[in-house]
Every structure is written in C-alpha cells, then in structure tokens.
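Asks: Line by line, the protein sequences give chains R and U. So for the first sequence, UniProt numbering puts the first residue at 1; every next one is plus one. So for the second sequence, UniProt numbering puts the first residue at 1; every next one is plus one.
To be clear, the hints were calculated from the coordinates, so they are not data collected in a lab. Just so you know, even glycine gets a beta-carbon here, dropped at the ideal spot from N, CA and C. Be careful, since some hints might not be right.
In the PhoX-like style, the derived pairs of lysine-lysine whose C-alpha atoms are separated by at most 25 Å in a straight line are [what the hints assert, rightly or not]: (1) Lys70/R <-> Lys403/U; (2) Lys70/U <-> Lys268/U; (3) Lys444/R <-> Lys322/R; (4) Lys323/U <-> Lys444/U; (5) Lys259/U <-> Lys249/U; (6) Lys123/U <-> Lys123/R; (7) Lys260/U <-> Lys249/U; (8) Lys70/U <-> Lys375/R; (9) Lys444/U <-> Lys513/U; (10) Lys70/R <-> Lys249/U; (11) Lys323/R <-> Lys375/R; (12) Lys249/R <-> Lys322/R.
Pulled from the structure, derived: some chain U residues nowhere near chain R, Cβ distances all over 10 Å [said to hold, decoys possible]: (13) Glu133; (14) Lys259; (15) Ser342.
Protein chains: 2
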Amino acid sequence: MHQNGAADVDVTSLCLAVRCHVRARRHRFPSRASSMANSPTPGTHTHQEDDDRDASGAARALTVGSLNPKVVALADHHLAGRVARRAQNMQEDLESNPASHPFNEIIYCNHSNPQSQGQQPNKFFREVLALCEYPHLLDRSQTSFLFSSDAIARAQDILGLIPGRSTGGYSHCQGIEGLRDAIADGIASRDGLPSYADDIFLTDGAAAPGTLNDTGNDFLPLITVGPLITYSMVLRGATLVPYYLDESKGWRVNISDLKKQLDGARSKGIAVRGLVVVNPGNPTGQVLSEENQCEIVELCKNEGLVLLADEVYQENIYTDQKKFNSFKKVAGSIGHGEGDISLVSFHSVSNGYYGECGRRGGYMEVTGFSSEVRKEVYKVASLSPCSNISGQILMSLVMNPPKVGDESYTSYRAERDGILSSLSRCAEAMVSTFNSLEGMSCSKAEGAISLFPSVRLPPQAISAAEAMNTEPDAFYALRLLESTGIVVVPGSVFGQVPGTWHFRCTILPQEEKIPLIISRFKAFHEAFMEEFRS
Amino acid sequence: MHQNGAADVDVTSLCLAVRCHVRARRHRFPSRASSMANSPTPGTHTHQEDDDRDASGAARALTVGSLNPKVVALADHHLAGRVARRAQNMQEDLESNPASHPFNEIIYCNHSNPQSQGQQPNKFFREVLALCEYPHLLDRSQTSFLFSSDAIARAQDILGLIPGRSTGGYSHCQGIEGLRDAIADGIASRDGLPSYADDIFLTDGAAAPGTLNDTGNDFLPLITVGPLITYSMVLRGATLVPYYLDESKGWRVNISDLKKQLDGARSKGIAVRGLVVVNPGNPTGQVLSEENQCEIVELCKNEGLVLLADEVYQENIYTDQKKFNSFKKVAGSIGHGEGDISLVSFHSVSNGYYGECGRRGGYMEVTGFSSEVRKEVYKVASLSPCSNISGQILMSLVMNPPKVGDESYTSYRAERDGILSSLSRCAEAMVSTFNSLEGMSCSKAEGAISLFPSVRLPPQAISAAEAMNTEPDAFYALRLLESTGIVVVPGSVFGQVPGTWHFRCTILPQEEKIPLIISRFKAFHEAFMEEFRS
Chain R
1 MHQNGAADVD VTSLCLAVRC HVRARRHRFP SRASSMANSP TPGTHTHQED DDRDASGAAR
61 ALTVGSLNPK VVALADHHLA GRVARRAQNM QEDLESNPAS HPFNEIIYCN HSNPQSQGQQ
121 PNKFFREVLA LCEYPHLLDR SQTSFLFSSD AIARAQDILG LIPGRSTGGY SHCQGIEGLR
181 DAIADGIASR DGLPSYADDI FLTDGAAAPG TLNDTGNDFL PLITVGPLIT YSMVLRGATL
241 VPYYLDESKG WRVNISDLKK QLDGARSKGI AVRGLVVVNP GNPTGQVLSE ENQCEIVELC
301 KNEGLVLLAD EVYQENIYTD QKKFNSFKKV AGSIGHGEGD ISLVSFHSVS NGYYGECGRR
361 GGYMEVTGFS SEVRKEVYKV ASLSPCSNIS GQILMSLVMN PPKVGDESYT SYRAERDGIL
421 SSLSRCAEAM VSTFNSLEGM SCSKAEGAIS LFPSVRLPPQ AISAAEAMNT EPDAFYALRL
481 LESTGIVVVP GSVFGQVPGT WHFRCTILPQ EEKIPLIISR FKAFHEAFME EFRS
Chain U
1 MHQNGAADVD VTSLCLAVRC HVRARRHRFP SRASSMANSP TPGTHTHQED DDRDASGAAR
61 ALTVGSLNPK VVALADHHLA GRVARRAQNM QEDLESNPAS HPFNEIIYCN HSNPQSQGQQ
121 PNKFFREVLA LCEYPHLLDR SQTSFLFSSD AIARAQDILG LIPGRSTGGY SHCQGIEGLR
181 DAIADGIASR DGLPSYADDI FLTDGAAAPG TLNDTGNDFL PLITVGPLIT YSMVLRGATL
241 VPYYLDESKG WRVNISDLKK QLDGARSKGI AVRGLVVVNP GNPTGQVLSE ENQCEIVELC
301 KNEGLVLLAD EVYQENIYTD QKKFNSFKKV AGSIGHGEGD ISLVSFHSVS NGYYGECGRR
361 GGYMEVTGFS SEVRKEVYKV ASLSPCSNIS GQILMSLVMN PPKVGDESYT SYRAERDGIL
421 SSLSRCAEAM VSTFNSLEGM SCSKAEGAIS LFPSVRLPPQ AISAAEAMNT EPDAFYALRL
481 LESTGIVVVP GSVFGQVPGT WHFRCTILPQ EEKIPLIISR FKAFHEAFME EFRS
C-alpha cells in the first residue's frame with residue numbers, strides 16, 4: 001500500500017458526511033425589509049430556479065467552470081466520503097429511531113480524534129493552558145487549591161516569555177522564541193544532537209496549510225500519497241509519485257521499489273524534490289527499523305531529495321523490540337550533517353497519546369537547507385500570521401513535560417502510560433482477531449494509532465462490488481457498517497498494491513468497547529465470507 | 001492610495017526584522033557521535049563552504065532556482081521590511097546600551113497588535129476560555145470565587161455543544177455547529193436579516209490561508225492590493241488589479257475609477273472574479289457611507305463580481321455621523337438577495353477592540369453562491385483540519401457577548417467602551433496634530449485602528465531619497481525612526497496615487513504615550529521640512 005502523508009483523512013470524510021446532511025436544509029437568505037434608513041422596496045429579486053442565474057438572467061459571479069479546475073477535479077469519493085456519509089446517515093437514523101438498525105450505536109474506527117471518543121486530556125497540559133488564558137488567576141489565593149504548583153510555575157514562566165504577558169498578541173511568525181527554545185531542548189535531549197530554536201517553525205498542526213508546500217508548483221512533486229497533505233499539494237500544482245510499502249516485511253520501505261518509482265517519474269520529466277516518510281506509520285502502524293531509516297537517508301542524500309519526515313506518532317510505540325529514532329538522529333549516526341541532507345521533521349499536538357487535535361499546534365524542524373533556500377522558506381512563513389498561541393504553548397509542553405520531582409510528574413506519567421498501554425492492549429486484541437479470520441492478515445501494531453489489515457476478498461464479492469460500481473474494499477466496509485455499525489476506511493483511499501484489499505481501523509475506541517467490536521466483526525466477517533463463497 | 005485587503009502587514013514586517021537578527025547567529029547542526037547502536041564514524045561530512053553543495057560536491061536537494069518562482073519573485077521590500085528591520089536593530093541597540101539613540105524606547109505605530117502593547121484582554125472572554133480549557137474547574141467549589149457566574153454558565157453551555165465536551169477534538173471542518181449558530185444569531189441581530197450556521201465557516205483568523213483563495217488560479221484575480229491576503233493570492237497565481245480610494249472624499253470608493261480599472265483589466269484578458277473592500281478601512285480609517293456601499297453592491301451585481309467584504313473592524317467606529325453597515329444588510333436594503341449577489345463577509349477576533357490576534361479565530365459568512373460552487377468552497381474547507389477550537393469559542397463570544405442582566409455585562413461594557421473611547425481620543429489627537437503640520441493632511445479617523453496621512457514632501461527630500469535608492473515615503477519613515485524611535489509603515493507598501501506620499505500610523509499605543517508621540521513627531525517634522533526646504 002501507499003505511504004500516507006497525513007493523519008487526518010477521517011476528519012475530511014466526517015466533514016463531508018455532516019455536510020451532506022446540512023445541505024438538505026439550507027435556505028436562501030431572503031431579502032426583506034431592513035431597519036436601515038433609505039431602504040427601497042425590498043424583496044423583488046429573490047425568486048429564481050436556476051442556481052447560476054440571477055433574477056434578471058445575468059450570469060452569477062462564479063460558476064463551476066470558472067473555478068480552479070484542480071479543485072473541481074478532486075472527486076468526492078477520493079475524500080473517503082462514501083462510507084463516512086453512510087455512517088452519518090445511520091447515526092441520524094439511530095437518533096430519531098433507535099430501532100432503525102440492528103445495533104444501537106455507530107462505532108467510529110475511522111477517526112483519529114480520541115478526545116471526541118471520551119479520552120480525557122492531560123491534566124497538567126490543561127492546567128497550564130487555563131492559567132495562560134486567564135493570568136488573573138495567578139494573583140488569587142484560591143488558585144493554589146485548584147492547580148498544581150508546577151503548572152502555576154510553568155504558566156508564570158511561559159507568560160514571562162511573551163511580550164505583554166498575553167496569549168492575545170501575535171508572535172514572531174515562527175512562534176514565540178522562548179517556546180521554540182523549549183522545543184529545541186526537547187528535541188536535543190531526545191536525539192542527543194543539538195537543535196536550535198531558529199530551525200523550529202511553530203504551525204497550526206502538522207497538516208496545516210501554508211507551510212512548506214506553499215512554496216508552490218515546483219517544490220513538492222513528492223513521492224508519497226495520502227489524503228490531506230497531498231490534496232493540498234495537488235491543489236498547488238504538485239505531481240504525486242506513489243510508492244508502496246512492503247507488507248510482507250512489516251510495511252518496510254522498499255528502497256529498490258522507491259528508486260524505480262523515482263527513476264520512472266524522472267524519465268517522464270517530473271522534477272522530484274522530496275520524499276515523505278511517516279514513521280511510526282499511518283495507516284500501517286509500523287515502526288521503521290534503524291537500518292531501513294539509514295537506507296532512506298542515503299537515498300535522499302544521493303538523489304538530492306528533501307526528506308519530509310512525518311514523526312507525529314513518535315511517542316506511540318507498542319513494542320519493546322523497536323524504539324522511535326528521528327531521521328535527524330539516524331542521519332547524524334551515519335555521519336551526515338546539515339551539509340548532506342535537507343530534512344524537515346513534522347510533529348504535532350494532535351497525533352500523540354495526548355490527542356489534542358482541536359488545539360491545532362505543531363512544529364516543523366527545518367535543517368540542511370542552503371541559507372538562500374532557507375530564506376525563501378522563511379518568507380513563505382512570514383506571509384501568514386503566527387500559529388495560535390495556545391497551540392504553541394501546548395506544543396512546548398508536549399516537548400517539555402513534567403520531570404521527576406515535579407508535583408505533576410506522577411499523575412502525568414500515570415495518564416500517559418494508562419493511555420499508551422490501553423492503546424497497546426486494544427491493538428493486540430484487534431490484531432489477533434483479524435489474524436484469526438478467514439482470508440485476513442494483519443501486521444503487529446508497533447506504533448501510531450491504526451491497523452491496516454488485508455482481506456482476501458472472494459471473487460464473488462469482487463463481482464458484486466463491481467456490479468455496484470464500487471471498489472471491493474469500499475463494498476466490504478459498507479457491508480461491515482450496515483451490519484455492525486463499525487466504521488473503517490477502505491484501503492483504496494490510501495492506495496494499495498493492485499489486487500490486494502485493506503481497510504484502516506484505528507485502535508482509539510475506548511477499551512471497554514473492544515470486546516463488542518471484536519465479536520461483531522467476527523460474526524460479520526464469517527457471514528460475509530459465507531455469503532460470497534464460490 | 002490602494003485599498004488594503006488584509007490587516008496584518010506589520011506582523012510580517014516584524015517577523016522579517018526579527019529574522020534578520022536571528023540569521024546571524026545560526027549554526028549548522030554538527031553531526032557528532034550519537035548514542036545509537038551501530039553508529040559508524042561520525043562527523044566526516046560537516047565542513048563545506050558552498051551552501052548549495054554538499055561535502056561530496058553533489059547538488060543540494062533544493063536551490064533557489066528549483067523553488068516556486070512566484071515565491072522568489074516576492075521581494076523582501078514588499079513586506080514592509082526595511083523600516084521594521086531598522087527598528088528591530090535599534091531596539092537591540094537600546095537593550096544593550098540605553099544611550100545608543102536619542103530616545104529610550106521604540107514606539108511601534110506600525111503594529112496591529114494591541115495586547116503586545118499592554119492592552120488587557122476582556123475578562124469575560126478569558127474566563128470562559130480558561131474554563132473550557134480545564135473543565136475540571138466546573139466541578140470545584142472554589143471556582144465560584146474566581147469566575148463570574150455567567151462565564152461559568154457560558155462555559156457549561158459551550159462544552160455541551162462539543163462532542164466529548166473537550167476542546168481537544170477536531171470539529172466539523174466549518175467549525176462547531178452550535179458555535180456557528182451563536183455567530184449566525186449575532187449576525188442576524190446585527191443586520192436584521194436571517195443568517196444561517198450553514199453559511200458560516202470558522203477559520204484561523206481572517207488572514208488565514210486555505211480558505212477561499214485556495215480555490216486557486218482563476219478564482220481571485222482581484223481588484224485590490226494589500227499585504228497578507230494578496231501575497232497569498234499572488235502565490236496561488238492570482239493577478240491583482242489595484243484601485244485607488246478617493247482621498248479628497250474621505251477615502252470613498254470611486255466607482256468610475258473602479259469601473260475603469262475593471263474594464264482595463266478585462267481588455268487585457270484578465271478574468272476578474274471578485275472585489276475586496278475593507279470597511280471600516282485599513283489603513284485609511286474611513287467608514288464607507290451607505291450610499292457608497294450601495295454603489296459597490298450594484299457594481300458587483302452588474303459586473304458579476306464576488307464581493308469579498310473585509311469587515312473585521314465592525315465594532316471600531318469613532319464617529320456619531322456614521323455607523324457600520326454590513327454589505328449583506330446594504331444589499332438586502334436595496335432588495336438584493338442571494339440570487340443577486342455573491343458575498344463573503346470576513347470577521348476575526350484579532351482586529352476589533354478586543355485585539356485577540358494571537359488566538360487566531362475568525363469566520364467567513366458565505367452567501368449567494370450557486371449550490372455547485374458552494375459545494376466546491378466546502379470541498380476546499382474540508383481539505384484542511386478545523387480551525388483551532390479556542391479561536392472558534394472566542395469568535396462565538398465576540399458575536400454573542402454578555403447581555404444586560406448578566407453578571408459580567410457591566411464590566412464587559414466598561415472594558416469595551418474604555419478601549420474604544422481611548423482609541424477615539426488617540427485618533428483625534430493624532431489627526432489634529434498631523435493636520436497642524438506643514439504639508440501634511442489627514443482624514444478624520446472614523447473607524448478601524450489606523451490613520452493614513454499624506455505628506456507633501458519637499459523636492460529636495462525626494463531627491464535625497466532617490467539618491468539613496470529609496471522610496472521617498474520610506475526615506476521619511478526611516479528619518480522619523482532614527483530621530484524619534486517612532487515606527488510607521490510607508491504608504492508605498494499599500495500603494496498610493498503616483499506623486500503622493502503617505503504613511504500608516506496606528507492609534508493603538510497606550511494613551512499615556514500619545515503626548516510624547518505628538519511632541520516628538522512635531523519636532524521631527526519641523527526639522528525635516530526645514531532641512532529639505534528649497
């Protein structure tokens with residue numbers, strides 16, 4: 001299957017689903033008597049049938065034909081919308097009539113949105129954010145009963161870094177320098193290599209538009225596919241060159257396949273500039289081996305590719321056999337410095353165990369660019385206002401959490417370990433279920449937040465899907481949904497080796513629901529295979 | 001001078017200024033022994049002089065030549081950088097040696113960043129935000145001593161609108177529906193016209209990338225100029241068609257000039273799609289008359305232009321003679337409904353008297369598009385994650401502030417009226433100063449947050465500027481800065497009628513500084529005119 005360049009596909013599909021519903025009850029705003037002075041007779045131009053014509057028959061300002069053809073060409077079904085739309089309809093059915101389906105709730109295994117599914121935010125993080133929002137609390141005696149001492153001290157420190165001590169001011173367009181210092185320290189301590197505040201660009205999340213990809217048309221004809229980040233690139237004129245991960249080897253990056261795709265693209269005149277690698281992987285859940293990472297670094301160095309490392313799942317590791325190594329650390333370990341490889345590492349507050357998706361905080365660490373190119377990257381950043389300050393603060397907390405001896409350390413660790421071990425247990429139970437089912441196989445979840453099992457679909461199921469003009473994996477996902485209320489994302493959304501079928505299933509639902517999910521899944525899959533057996 | 005499509009020029013220039021300083025102390029990250037297993041000899045590739053070559057002489061991944069030429073072509077001086085950079089250097093001088101300049105502080109009249117200049121955030125807004133950040137507070141008895149009762153009630157209401165009651169989840173990509181309901185109610189009550197949550201798209205501020213302009217190349221060859229929003233459009237391939245406001249008529253939009261520009265652009269084959277109007281105006285500070293707004297609406301209707309109404313200063317009105325009327329209300333008052341005019345109204349939490357720039361909250365209300373075009377607008381929005389939830393909440397508070405009878409109403413009104421009347425007094429004092437100076441004239445500040453006085457520069461000053469290869473208004477601004485520490489933005493950054501010279505001066509500095517600003521300004525201007533008198 002294809003490497004995925006962004007973690008947010010399910011949000012997109014959720015939006016589309018909700019949208020479809022909302023469209024149905026939309027109205028024109030009637031022009032009616034207003035309270036203004038000098039108001040002429042109102043209401044004379046409000047009735048017409050043709051959406052592209054006004055009352056006098058003049059053309060509207062815009063028609064689909066006058067829009068950016070790249071936008072129009074993005075088909076809705078690419079947005080993983082169909083399954084999510086159906087789920088949304090069924091959710092509404094259940095709300096109006098709980099007996100409308102053979103189950104009482106929709107179970108969203110397509111989201112990367114843990115807090116909307118009941119996960120609690122980290123207490124220390126939220127204490128600091130609340131104090132920074134309303135610094136007046138720091139002057140009140142009752143505050144010490146409501147907040148931990150290290151949260152109070154941290155909020156004081158952070159406010160001291162901000163001109164005017166207010167989260168309401170614009171910051172430097174790369175983010176508040178003191179927060180970037182804290183993040184650089186966290187990176188340096190993670191990697192055992194120096195990191196500089198000057199290389200950190202704080203962003204509204206790793207999938208935020210307006211960062212590197214804004215450098216435009218020629219910059220990112222990428223080797224990757226994946227929903228959000230890549231749609232954004234396509235809209236800016238980039239050509240995407242997909243590559244497959246090697247499922248038989250635990251979703252390893254197959255360098256010779258990558259090289260073949262690269263050479264093929266270049267022979268077609270595509271100037272390939274960068275390689276996106278997601279590690280730990282989404283949707284595939286693997287943690288790349290250090291040796292595989294070295295190969296990737298060497299390839300990028302030798303081929304002159306910017307390595308865009310999506311490292312947003314760096315804390316989510318579920319195996320003792322592997323650990324997360326940043327690409328920067330790996331490059332350093334084989335003697336490469338800034339003169340050898342151009343590297344951008346992405347992180348965010350959305351995707352780790354803390355799951356603060358709605359905060360929109362993230363950073364990119366930009367290293368190994370020439371000073372001239374670097375200046376242009378900076379210029380692009382300076383064309384947008386700063387990222388939101390709360391997101392900046394939260395990103396600094398993630399990279400500099402409570403330490404041993406701090407009042408919040410014990411609760412912080414307990415919350416973190418509780419979430420990660422729950423995710424690990426969910427993953428293990430689901431992997432073992434999937435591997436017990438006929439025709440299904442699933443790699444171990446080493447990290448991140450989802451599984452990507454393959455399903456060998458019976459030929460009759462494939463024919464049935466084709467007869468309905470549906471991708472076979474979408475057909476499977478829709479049947480699963482109708483029968484169980486479980487929502488997954490068809491593998492065809494991400495790309496997969498032709499003739500194979502997969503789905504993405506997150507491990508985020510609350511742990512107490514896992515037995516239910518497993519039993520429903522088993523019953524559905526057995527019945528499905530029986531129905532389509534030749 | 002040209003109409004300005006965005007309010008944030010000074011942030012950009014601030015960023016550039018800081019950046020220049022930071023670049024000088026940037027280092028390569030050395031590749032050095034790492035703690036990883038299997039680490040080969042490190043540090044062999046770190047020394048080279050040529051920024052675009054690596055140690056082996058191979059080309060770097062990117063050179064300026066391989067970047068998007070539209071980015072490279074954006075000259076730094078367009079970013080209002082020169083004056084701001086010099087101010088930043090002088091700020092550093094003063095920090096290391098308070099006697100280095102003939103004044104002890106830099107006074108930023110180029111910023112739209114009030115909270116960084118000491119303005120306090122609104123208490124009710126921040127109470128609600130803090131409670132939403134850390135909802136655990138709502139369960140504690142001490143909370144009632146620290147927060148007002150209506151803030152507690154509002155936070156409860158808002159959390160009830162959010163699935164999982166957490167600001168950490170992604171929302172619908174248009175924003176949380178219940179918050180959009182509150183915003184639509186606020187708009188409806190402002191205009192006396194219906195407004196629908198379905199038409200509201202919550203954004204990371206009015207200058208956020210990734211909203212309408214992302215629809216791409218053909219969509220927004222606009223009639224406007226102005227820093228942030230327009231750079232963003234240019235990067236996406238739009239052509240900007242500038243128009244001048246009529247200074248002699250209080251910065252009115254001159255419809256016949258506009259029509260001439262439009263026809264001229266069309267005769268060159270430019271498919272003009274939209275018109276940006278900023279009302280109240282930035283940098284010009286005018287409030288458009290209702291009659292002028294009617295003319296603009298009719299022009300857009302007749303010429304098939306989308307009217308992009310930047311209405312971010314709608315609360316900042318300093319005159320009893322005029323009031324803010326939204327373009328939607330004006331269109332309705334002359335009988336136009338959704339079938340007649342395509343209209344996008346922008347608002348944000350940054351630009352009103354509350355000045356919450358760092359929160360990145362905003363909305364656009366999108367009306368009058370055909371359902372097909374509307375679907376494409378939605379598609380573009382769905383390609384980005386939601387805007388940050390705190391910003392969404394704050395936008396809803398701005399549009400639905402405390403009402404008569406609420407505990408916070410009195411303090412809310414006092415804070416608001418205090419800020420607005422202080423701004424009004426500052427503006428009046430500065431306008432009257434500018435009008436008292438030789439060769440200078442300044443329109444009354446009717447609204448928004450800045451003045452745009454014209455200066456009739458002596459021919460010898462113009463020659464001196466030309467000899468230094470500098471725009472005459474930038475020359476004036478630089479001399480002002482060197483002599484007084486006051487930072488303004490040269491008019492050439494925004495565009496102005498050839499042969500005229502202006503500067504933008506915000507009215508945001510704390511009121512107690514105004515007498516100092518005025519006396520320094522007077523002394524400087526008199527000396528300047530004397531120096532360059534023929």
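Asks: Are Lys259/U and Lys249/U close enough, with their CA atoms no more than 25 Å apart?
Replies: At roughly 18 Å apart (the allowed maximum being 25 Å), Lys249/U and Lys259/U satisfy the hint.
Asks: Against chain R, does Glu133/U keep a CB gap of more than 10 Å to every residue?
Replies: Check fails; 4 Å does not lie beyond 10 Å.
Asks: Next pair to validate is Lys70/U with Lys268/U; report whether the Cα-Cα distance is within 25 Å.
Replies: 21 Å, holds
Asks: Are Lys260/U and Lys249/U close enough, with their CA atoms no more than 25 Å apart?
Replies: 18 Å, holds
Asks: Quickly compare the C-alpha distance for Lys70/U and Lys375/R to 25 Å and report which way the hint goes.
Replies: 14 Å, holds
Asks: Please settle this one: Lys259/U was flagged as non-interface, so is its CB more than 10 Å from every CB on chain R?
Replies: Non-interface label on Lys259/U holds, nearest chain R Cβ at 16 Å vs cutoff 10 Å.
Asks: Given the hinted pair Lys249/R and Lys322/R, is their alpha-carbon gap at most 25 Å?
Replies: 15 Å, holds
Asks: With the threshold set at 25 Å, check whether the alpha-carbon distance from Lys123/U to Lys123/R stays at or below it.
Replies: Measuring from Cα to Cα gives roughly 23 Å; hence the hint holds.
Asks: Compare the distance between the alpha carbons of Lys444/R and Lys322/R with 25 Å, and conclude whether the hinted pair is satisfied.
Replies: Holds, at about 12 Å.
Asks: Is the Cα-Cα distance between Lys323/U and Lys444/U 25 Å or less?
Replies: Between Lys323/U and Lys444/U the Cα gap is close to 15 Å, so the pair holds against 25 Å.
Asks: For the pair supplied as a hint, Lys70/R and Lys249/U, is the alpha-carbon distance within the 25 Å limit?
Replies: 43 Å, violated
Asks: With d taken as the least Cβ-Cβ distance between Ser342/U and chain R, does d exceed 10 Å?
Replies: Violated: least Cβ distance 4 Å, not greater than 10 Å.
Violated hints for the displayed structure, listed by number in ascending order: 1, 10, 11, 13 and 15.
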